[in-house]
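Number of protein chains: 2
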Amino acid sequence: MLPEYASPSLSGEKFTVTYQVAGDEKEARARALEICYEQTVEFPADLTPKNINDSNVGQIVDFRPLTSSAYLATISYPRECAGEELVQLLNVIFGNTSIKPGVRVERIDLHPQMLAGYRGPRFGRQGLRDLLHVEKRPLLCTALKPMGYPTEALAALAYQFALGGIDIIKDDHGLANQSFSPFKERVQACAEAVRAANEKTGYHSIYMPNISAPHDQLLEHALTAKKLGAGGLMVAPGLIGFDSMRSLADNDELALPVMSHPALMGSFTVSPQNGMSHFALYGQINRLAGADITVFPSWGGRFSFSREECSAIVDGSKEAMGEIASIFPAPGGGMTLERIPEMLEVYGRELIFLIGGGLHRHSSDTAENSRYFRNLVEKM
Amino acid sequence: MLPEYASPSLSGEKFTVTYQVAGDEKEARARALEICYEQTVEFPADLTPKNINDSNVGQIVDFRPLTSSAYLATISYPRECAGEELVQLLNVIFGNTSIKPGVRVERIDLHPQMLAGYRGPRFGRQGLRDLLHVEKRPLLCTALKPMGYPTEALAALAYQFALGGIDIIKDDHGLANQSFSPFKERVQACAEAVRAANEKTGYHSIYMPNISAPHDQLLEHALTAKKLGAGGLMVAPGLIGFDSMRSLADNDELALPVMSHPALMGSFTVSPQNGMSHFALYGQINRLAGADITVFPSWGGRFSFSREECSAIVDGSKEAMGEIASIFPAPGGGMTLERIPEMLEVYGRELIFLIGGGLHRHSSDTAENSRYFRNLVEKM
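Chains as they are written, first to last, in the numbering used here: chain A, 1037 to 1416; chain B, 1037 to 1416.
Next up, chain A with everything else stripped away, as it sits in the complex:
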């Protein structure tokens, strides 16, 4: 055993993570105990000094069967293990254990003192409604694409979308800083197109460029976008890290709504006994990291999320989390105008309809298609 040193005093405040752990009762208990060590001291139990064993190692505070081959284990951790940083919080929640098959993060319950350390979404549902001047109906969103279109073509689309009354016109997540349409040129042209259309319509549409930039250019891209008239920022935390999204959401000079896109995040949810639950990843963690909008592929589109998984995301987007606001679920990924009624039924009115390619199926007139989309939703 390593020598014991006087331990810094702990607050006694804990947070818990509930894991789905595969196995029969004995196996699952053994795995849960491994998690307690792996996620904290990462040290053999018999070599860990007693005072650290007693105070820092995770503790199983609840353990119950979930299915015939999996258990739910709730493990509590001292809040000091996570420091006061999102990076380290995610590390304690799932860092090394992510490498082990048969463990899935189901939900996270932070101590109120920890929640108070996170601003979370700056706008949240109500803030976004106020910004967009939309009192009650679901919000409308579409994407500028295809990648390969020159700036002129993307700006023309942005103008038509805004003219037809789409609330949020975002870059496709594949638009970065390519030669087809360089970042700054595109943001300038598309923000201006949306502004011009708003002037004509009296609407309050916003343009959200993709800010998933290299580390050293991230803030610069975001500030440039703001200066050029962007009304929000789209970010893929799977590509740039959750804390990078958090840094943009927390930035008072930016003070723009943030949309979280799921690119490169899919491996967390692709296997039902591993990774993270839709509730935790798309709901809780996105909110903690400052997203105002959580984009995900809806059931019935090109992707494979089930109706239940999508409902879990909605739950996670509004689950009580201290002062952290509820956010908008934005189901997309192959949605069509025809599916609007069915989606409303499941998601309710607190949602953003995200329709990309499907919007162009109605006719060859983009502004007309956008108007049609808006009328459909306004009638609901």
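Hints were generated in silico from the structure; no laboratory data involved.
For glycine and all other residues, C-beta sits at the position ideal for the given N, C-alpha and C.
Incorrect hints may appear among the rest.
Covered stretches of chain A (in silico footprint by chain B; criterion: 3 or more residues with CB under 8 Å from a CB of chain B, positions within the stretch not fixed) [said to hold, decoys possible]:
no. : stretch
1   : 1050 to 1061
2   : 1292 to 1304
3   : 1356 to 1368
Okay, the calculated beta carbon distance ranges per label pair [as the list claims (entries may be wrong)]:
no. : chain 1 : residue 1 : chain 2 : residue 2 : range
4   : A       : Pro1101   : B       : Ser1400   : 21 to 29 Å
5   : B       : Glu1235   : A       : Met1037   : 24 to 32 Å
6   : B       : Gly1163   : A       : Glu1256   : 50 to 58 Å
7   : A       : Glu1040   : B       : Ser1104   : 40 to 48 Å
8   : B       : Asp1401   : A       : Ala1291   : 55 to 63 Å
9   : B       : Glu1235   : A       : Arg1155   : 31 to 39 Å
The calculated lysine to any residue pairs, modelled on SDA-like cross-linking and capped at a C-alpha distance of 20 Å, are [as the list claims (entries may be wrong)]:
no. : chain 1 : residue 1 : chain 2 : residue 2
10  : B       : Lys1220   : B       : Ala1232
11  : B       : Lys1220   : A       : Glu1120
12  : B       : Lys1086   : A       : Ala1192
Since the structure of chain A is provided, determine the placement of chain B on it from the hints.
Using the frame of chain A, we list chain B on its own:
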């Protein structure tokens, strides 16, 4: 179909990604074709303007059976789709497709013009050997832990490890900026401890603190560490994003070796038909993102990587990639001194033995244990 605009001219230079795609031949072909669109235009084929369809959409350039229920599909993409940024390159490789079950990135082959845009590891195998003054034997590494230890205790361990001749003394990945041992205080004390031991021994041990900090403090932490005498930087790209690691590796003011830790990266490899291969993730992508050392859990420890998967990481750490240097595999995750001969046999001498808790089993004298570890390896 959307209107056609004059297309910016493309270089014709392509990169390819080889995916494992689940299904029978017909299903797998259909999936591969979906990937071609999903990863580029993300637009329905029949609505995509012809010139973009012809030039920007991915193309299946090879398709062959892998098992009775999976195919290998190699898809080529115009290099312009990835722009000149790692973030966007990863996005094209696997962004949205990561969300779809039954697709795994097996390997990446970049065009030489693209590879030339990445510095990759600043040191690589030979650079690290030169820095550490170790000509031929495998390198030795251990970790400061357990989390909860005060700075004084961690620095005492660092001193003992260095005294015994461990080449690389790194923070446990769970040491961040907690009250137990705040970042700056710890780095100062541990760097000083290693320096003092080197003075006594004449060795060239280095201390590598964990730099997986919040986005807005990342560079500051790294520069502070350098100023305080750290000899390298440990980063978990799963926590902070691959491009954040790249930004540290590329920074000429830092010019320190970078160790990539697998925390929160496990979901990519936890399921054999999804995510990314060990070869691509721990080998190719880590190198592209500037890691000099790729840490992963060895077979036979607390984790579940197989011997073959570990060998694939070694392959990925040295696979020809233009001017991008080979890097050191650092298998860890529950290694013991007893396993050294067996590990040498599989990994060869171009490796870093990473032994954490197991190092303390030999006796209660940490310096003596370190000497024993070093002697074992020097004798091989």
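Hints, verified against the model:
no., hint, in the structure
1, 1050 to 1061, "violated (count 0)"
2, 1292 to 1304, "holds (count 7)"
3, 1356 to 1368, "violated (count 0)"
4, A/Pro1101 <-> B/Ser1400: 21 to 29 Å, "42 Å, violated"
5, B/Glu1235 <-> A/Met1037: 24 to 32 Å, "30 Å, holds"
6, B/Gly1163 <-> A/Glu1256: 50 to 58 Å, "31 Å, violated"
7, A/Glu1040 <-> B/Ser1104: 40 to 48 Å, "57 Å, violated"
8, B/Asp1401 <-> A/Ala1291: 55 to 63 Å, "57 Å, holds"
9, B/Glu1235 <-> A/Arg1155: 31 to 39 Å, "47 Å, violated"
10, B/Lys1220 <-> B/Ala1232, "18 Å, holds"
11, B/Lys1220 <-> A/Glu1120, "15 Å, holds"
12, B/Lys1086 <-> A/Ala1192, "18 Å, holds"
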